[in-house]
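Residue numbers (my numbering), protein chains in the order written: chain A, 1 to 426; chain B, 427 to 860.
To be clear, the hints were calculated from the coordinates, so they are not data collected in a lab. Glycine residues also receive a C-beta, built at the ideal position from the N, C-alpha and C atoms. Incorrect hints may have been included.
[Said to hold, decoys possible] Short derived list, chain A residues pointing at chain B, Cβ under 10 Å:
id, residue
1, TRP15
2, ALA70
3, LEU101
4, ARG103
5, PRO105
6, GLY246
7, ASP247
8, PRO313
9, GLY346
10, THR350
11, GLN356
12, ASP381
13, PRO382
14, ALA383
15, LEU418
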Amino acid sequence: MRAEFLRAPVTRSRWHSRDLHLLRAYLDLTSDAGPLHARSVADLGRRLVAGEQAPTYQINTPSTLRASLAAAGWGKVACGDPREVPPDERSPRWEHLCAMLDRWPASPTGERIAVAATLSKLGFWAAVGRLVPPDLTPERSPHDARLAILRCNADFKLSGPTPATHAAARKTFTAVATSQALPVATRLTAAVNLIVDHAKSDRSMTEMDRWKDVADGLVAAAPGEVRPVLLSYYWRGVSFLPFFGGDHPSVRRMLDEAEDSSLAAVEQAGPDEVLLARENRHPLLETRGRAATAAGEFDEAEHYYRALVQLDPEDPKVHVRLADYLLRRERTAEARESYQDAAALGLPYTSYAHTQAARCSLRLGDQERALAALGEAIAADPAAVTPLVLLRDALSDGPLQRLRPWADRQIQTLVEPLKGRRALAD
Amino acid sequence: METFLRIPEPFAGARPARPIEFRLWRPLFDLGGFDEALPTRSTAAALALRNLDLPEDAQLPVQIRPGPAFRDRLVESPLLAEYALTDPAELPESLRTEAWSRMCRLGARFDDLSVPDRVRLTGLLAGVGLYRHLATLSPGPAEEVPKNPRTLLVRARIAHARSVTERTAASSGASVEALRDILACADLPATARLGAATTLVVLHAQSRLRDPAAVDRYRNAAHELTRHLSPDDDWLDLVHLSTYWRAVSFQPFLAEDRRRTQEELDLAESLARRLPGDTPEQRWIRDQNLHPLLETRTKAALWAGDADGALAFATELRDHDPLDGKVHVQLGDVHVRRGEPRAALACYLTAAALGSPYRSLAWCKAAGVMEPADAEHALMCAHRGDPAAVTPLLRLERLARHRSDGRLAEWAGRSARDLRMGRSEEGELCVPNS
Chain A
1 MRAEFLRAPV TRSRWHSRDL HLLRAYLDLT SDAGPLHARS VADLGRRLVA
51 GEQAPTYQIN TPSTLRASLA AAGWGKVACG DPREVPPDER SPRWEHLCAM
101 LDRWPASPTG ERIAVAATLS KLGFWAAVGR LVPPDLTPER SPHDARLAIL
151 RCNADFKLSG PTPATHAAAR KTFTAVATSQ ALPVATRLTA AVNLIVDHAK
201 SDRSMTEMDR WKDVADGLVA AAPGEVRPVL LSYYWRGVSF LPFFGGDHPS
251 VRRMLDEAED SSLAAVEQAG PDEVLLAREN RHPLLETRGR AATAAGEFDE
301 AEHYYRALVQ LDPEDPKVHV RLADYLLRRE RTAEARESYQ DAAALGLPYT
351 SYAHTQAARC SLRLGDQERA LAALGEAIAA DPAAVTPLVL LRDALSDGPL
401 QRLRPWADRQ IQTLVEPLKG RRALAD
Chain B
427 METFLRIPEP FAGARPARPI EFRLWRPLFD LGGFDEALPT RSTAAALALR
477 NLDLPEDAQL PVQIRPGPAF RDRLVESPLL AEYALTDPAE LPESLRTEAW
527 SRMCRLGARF DDLSVPDRVR LTGLLAGVGL YRHLATLSPG PAEEVPKNPR
577 TLLVRARIAH ARSVTERTAA SSGASVEALR DILACADLPA TARLGAATTL
627 VVLHAQSRLR DPAAVDRYRN AAHELTRHLS PDDDWLDLVH LSTYWRAVSF
677 QPFLAEDRRR TQEELDLAES LARRLPGDTP EQRWIRDQNL HPLLETRTKA
727 ALWAGDADGA LAFATELRDH DPLDGKVHVQ LGDVHVRRGE PRAALACYLT
777 AAALGSPYRS LAWCKAAGVM EPADAEHALM CAHRGDPAAV TPLLRLERLA
827 RHRSDGRLAE WAGRSARDLR MGRSEEGELC VPNS
């Protein structure tokens, strides 16, 4: 074994991991690698130092990302404030952010927006909640509108989608969407956000119709102010209405419009806008995949999920989307391959992707491969219950069956604090 | 997304789940977990712990111990960060078992301990893999030796710890010297001297210190000492004699004498199979004897071209010690040699499921018997299992280039070069061994 397997005698070997390579921007605001969402973090870091305006990237940082990074052993990344990172571990951009935070009380509004947008993208939502007051008057100025929206997003991330957070978000978006003092682009974004918010919560057609009318009016009134990325976002948002009505041809027509705009955005983008334009295509292709699946257009759905993989190949989520689709189509071996691709890219989908790959292996009668994948899933997320349940059930025979009681105990250890709250496992 | 349950914060942190490595190798972490089925190498700590309460002349032999790199690999998991320690006293009180606390109490007054207690404690520290701490202990003044020859055992353990942690020619030489001192000391028990002689045979049969003349010399010395053994009267002498035959079989092996190698290993095996297993201690000692013997028999059979014999021994070892990832890797290797990639893959994947420290190696070997698309995934798992492992990165780079995945190839190649930068082949460690 010695000659054929070399290892470097380094300490803190986890700092050499590929997960970290792909997500390092979340730790240094600098590394221009990995999925589009990580590259957009680096872009915000660059703009922060250059004093440029922060663009509105659409991919929301996964709620568990910073916790996942911390759980994987990468320093104090789960901290509530970037300044908790020791000075000697800060990159120059990180240091710059810390300096801006120090002077927050005296900083101009434009700078505050850049800082809050960066904090939000980094996943420091508690810091956003601390800095941005809840009682802004968003209808007064574009700056206040942007800050208020960032604050709403932080509240969602911190408290989850509760009636209170939905109510607060709707109040803010309504104030912005209906304010004559604000630019059309800002108002249109808020109107579309209201459609999406209702679509994802109460599915009130009345409310969605109301905000679609507002959005339509804004687009018609000032078409010159609506840039292609925003127009694409508009079409994607309003497609929720026919979607809930089961009108798939209309959904498709609207999403075609969204796609045309997104492609135009990419084509017309200057060097500083390419990332924003490409990032817009990410949620659009996801939506197209889902819409085509709902319409029973499976070849088309697969086309979009594969296009998504092509667009953002280092984002594990896109491989998960494709794999979930393939698994639902009972194309188990192909699904396993995609889950494996996702698992290889790592956080924050490592455990889920390995678990799903294991499910596929179990269906394919590949017991050892399932066990190995479950081992990876458990190692990747100590709070995950599902891989333990699958492992326990898979250990009914074979050389490792003596580990079955351990798996059972692990499950009990995890669910113990939740006893009486909800039924888990079994 | 399909159904996937995980415990939400803040509940997940209430009682942190430990990884599978903690279950399997728990004796190394806190000297607990002896009431469960364990890999045989975990039981070294159990025997060393039992020796704390046994008289000087009734100490139980500890035959295999995890090496220093073994423990290092285990504690690299962020879930086991509290156990990444040098001194046992660094373990937080809340995580200590009574046995661990006892070890700490003894360690706190090491220099004042009696010689027998120093022998016991150094054995226990080695049993839990705390070689770096062991290496810092004082071997005591040389004048102590004539007064109490057992001091030589303490000195040899400390010298060995320094050898495996410092990895220099000087420390290695000092370790060999310490073993020679034991062998030369007529006032020590014959079994202690025999242990030193057989260890010297093994050391001089292997790469760095390879010296066939020294193998002959120490084999003869060991042979003389076996005259003091009474295997028909004392079951522990069966252990010593079995170990002796296993070690000295290196001599015919080096002489490429297949028949004699087999005969001597047959002798070792026949003695090993006579060992009793009525008490936990007897079972631990029996298993610790059988494990390396079956490993040696597997290798010897492969060397002799006996693929069926190798498969039988490796399979028996797997059945004998199924919770040790290494035995599954070894069985996989035998299947590869027999041209049975599917069977090999199943073994490597089982080893991977058992976690560190063989997780990365097992995935890497699995990649070698997989289709390219799966191999890339397996190599990424090997990388994740041990991000300091160079071999998976080099293979990933090659595979990614072949598949025209420039980004992956570039990252893997650069990472491998970063890891190796400024380091010689000599300085690189491989998978931990006993």
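Here is what the structure says about each hint:
no.: 1; hint: TRP15; result: holds, 8 Å
no.: 2; hint: ALA70; result: holds, 9 Å
no.: 3; hint: LEU101; result: violated, 24 Å
no.: 4; hint: ARG103; result: violated, 32 Å
no.: 5; hint: PRO105; result: violated, 31 Å
no.: 6; hint: GLY246; result: violated, 24 Å
no.: 7; hint: ASP247; result: violated, 26 Å
no.: 8; hint: PRO313; result: holds, 8 Å
no.: 9; hint: GLY346; result: holds, 7 Å
no.: 10; hint: THR350; result: holds, 8 Å
no.: 11; hint: GLN356; result: holds, 6 Å
no.: 12; hint: ASP381; result: holds, 6 Å
no.: 13; hint: PRO382; result: holds, 4 Å
no.: 14; hint: ALA383; result: holds, 4 Å
no.: 15; hint: LEU418; result: holds, 6 Å
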